[in-house]
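> Its first residue numbered 74, the sequence shown is counted upward by one per residue in the working numbering.
One or more hints might be untrue.
[What the hints assert, rightly or not] In the DMTMM-like style, the derived pairs of lysine to aspartate or glutamate whose C-alpha atoms are separated by at most 25 Å in a straight line are: (1) K131 / E93; (2) K155 / E117; (3) K131 / E117.
[Unchecked claim] Here are the simulated distance ranges between beta carbons: (4) I127 / G147: 25 to 31 Å; (5) P106 / T137: 29 to 35 Å; (6) I153 / N118: 20 to 26 Å; (7) N109 / A130: 17 to 23 Å; (8) G151 / I127: 18 to 24 Å; (9) A116 / T137: 19 to 25 Å; (10) T94 / I138: 16 to 22 Å; (11) Q107 / E136: 28 to 34 Å; (12) N85 / A120: 27 to 33 Å; (13) I98 / K155: 17 to 23 Å; (14) T86 / Q107: 17 to 23 Å.
What the hints contain is simulated information worked out from the structure, not anything from laboratory work. The structure presented is a predicted model; accordingly, all values stated were derived computationally and were not measured. Each residue gets a CB set at the ideal place from its N, CA and C atoms; glycine is no exception.
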Amino acid sequence: MTEPRADAYSGNTGLRDVLETDLDIFFEQQQDPQANYMAAFTAENPADENAFTIKWAKILGDETIVKRTILCDGRVAGHIVKF
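All chains should be built: construct the whole structure from the sequences, respecting the hints.
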């Protein structure tokens, strides 16, 4: 299976590599109760910013993990991570 290109973008949606500046948006999105209800994997405490930062430091530091930011109309809509 071919991994998506970091700059894959088509129409109004696309994927790109995760930038450190995306993390603030991801943390904010994690605070949404409806998003947590629908997510397959959620944080034990979505408001724990320290745990969030530690988790993302591990994800970003592991080159075997595929991580992409989801864009919609050029704005961060979320993320996808493949372990």
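> For every hint, state whether the structure bears it out.
Hint check:
Only pairs whose Cα atoms come within 25 Å are accepted, and K131 paired with E93 is accepted, the gap being roughly 13 Å. For a cut-off of 25 Å, the pair hint linking K155 to E117 stands: about 20 Å separates their Cα positions. Distance check on the hinted pair: K131 and E117 sit about 17 Å apart at the alpha-carbon level, within 25 Å; holds. A beta carbon spacing of about 30 Å between I127 and G147 agrees with the range 25 to 31 Å that was offered as a hint.
About 32 Å separates the C-beta atoms of P106 and T137, a value consistent with the hinted range of 29 to 35 Å. Distance hint check: the CB atoms of I153 and N118 are about 22 Å apart, consistent with the given range 20 to 26 Å. As the Cβ distance of N109 to A130 is approximately 21 Å, the hint placing it in 17 to 23 Å holds. Checked against the given bound of 18 to 24 Å, the beta carbons of G151 and I127, roughly 20 Å apart, stay inside it.
For the pair A116 and T137, the beta carbons lie near 22 Å from each other, so the given range of 19 to 25 Å is met. Checking the proposed 16 to 22 Å range against T94 and I138 shows it holds: the Cβ atoms sit about 19 Å from each other. The given range of 28 to 34 Å is respected by Q107 and E136, whose C-beta atoms sit roughly 33 Å from each other. Separated by about 31 Å at the C-beta atoms, N85 and A120 satisfy the suggested range of 27 to 33 Å.
Hint check: I98 to K155, Cβ distance near 20 Å, so the stated range 17 to 23 Å holds. The supplied range of 17 to 23 Å is met by T86 and Q107, whose beta-carbon atoms lie about 20 Å from each other.
Of the numbered hints listed earlier, not one is contradicted by the structure.
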